[in-house]
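Residue numbers (the numbering used here), protein chains in the order written: chain A, 29 to 261; chain B, 2 to 83.
Treat each hint with caution, since some may be false.
[What the hints assert, rightly or not] Calculated pairs, EDC-like style, for lysine to aspartate or glutamate (alpha carbon to alpha carbon, straight line, at most 20 Å): (1) A:Lys61 with B:Asp15; (2) A:Lys61 with B:Glu17; (3) B:Lys52 with A:Glu118; (4) B:Lys52 with A:Glu117; (5) A:Lys65 with B:Asp12; (6) A:Lys105 with B:Asp15; (7) A:Lys76 with B:Asp18; (8) B:Lys51 with A:Glu118; (9) A:Lys61 with B:Asp18; (10) A:Lys65 with B:Glu60; (11) A:Lys65 with B:Glu17; (12) A:Lys65 with B:Asp15.
These are calculated hints, taken from the structure and not from any lab test.
The chain contents come next:
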Amino acid sequence: MADFILCNWSAWAPGLERKDDRLMGSGNAAAPKCVPKTLQRRLTPLAKAVFNVSELCVGRGITPPVVFSSAHGEICKSLAMLKTIQAGEELSPTAFSLSVHNAIAGLFSIAYGNTQEITVLAPGQEGIAPAFIEALGMLHEGAGEVLMLLYDEPIADFYPIAPFNLNTSSPCVLALRIALTGDGLPLQFLRSPQPRDDGEHPVQLLNFLKFLLAGERSLSLGNQGHSWTWCKK
Amino acid sequence: MENELKQLIIDALDLEDISVADIDSHAPLFNGGLGLDSIDALELGLAIRKKYQIKIEAEKEDVVKIFASVSSLADYLQSVQG
Chain A
29 MADFILCNWS AWAPGLERKD DRLMGSGNAA APKCVPKTLQ RRLTPLAKAV FNVSELCVGR
89 GITPPVVFSS AHGEICKSLA MLKTIQAGEE LSPTAFSLSV HNAIAGLFSI AYGNTQEITV
149 LAPGQEGIAP AFIEALGMLH EGAGEVLMLL YDEPIADFYP IAPFNLNTSS PCVLALRIAL
209 TGDGLPLQFL RSPQPRDDGE HPVQLLNFLK FLLAGERSLS LGNQGHSWTW CKK
Chain B
2 MENELKQLII DALDLEDISV ADIDSHAPLF NGGLGLDSID ALELGLAIRK KYQIKIEAEK
62 EDVVKIFASV SSLADYLQSV QG
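Taking the hints into account, I'd like the entire structure generated from these sequences.
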């Protein structure tokens, strides 16, 4: 069991029709102005959303340690490159360099000059819990605050995903700024004994965002005996 | 040739806000005003290969000299094309 404070959060979820100050409108797709032009041209719409949501949550000039978490990153880039190879054409070095799972984190650290500890997780069916475990570990090692950036986008139809519950119809980006003390929403994070079947990271991410927006006091998420509960205290 | 190369640089490297007139033929192409990096160098090499069917071999050629500026790149390509 671990207690922590949710100091602030923000999100971008175009599929979720809710009005809230912490939800970014779908029109905010431009790259943040503080990002150098030479880097802006390398940002995908998803990367721009991650940067914008992060700025809404943390504010400029503050560079806490960051935990990134995404099931597949931008796997569409890998698919596009495979199609290029299939067509017998040469790969773009730029596309290749940005096709790794931690590409957004790399661009983020350069754009904001963030030299703090940065971790990128691809948690699969473990869902969003590993990001919390990692971020809480950083807090208990002495970090004052940790920024969590969780994001997913729909997977191309090319990939067979059945019978796994891991896809959503629209992208989702969630930024959480957490600490052990201070102002904000106190949350408790604990293992849950009951076996659950809540889908993988993209599905859980959207459910966690709905939990933040709703009045429910607790949320449990997990798969096959690995379940976790978040309680608003 | 130089203006053609400048347009190729703009297109291949997604330099949205830059026009041909903004690029000085004799200014350093990398580590200079355009803010281009080593990945851009690779991307430009690919674009040149596609457009002119000229492969600039890093092992055999003095790539630093060839890619020094738009002017030096144009000179090199013209010398290879004959």
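When the hints from earlier in the document are held up against this structure, which numbers fail?
As far as the earlier hints go, only 10 is violated by this structure.
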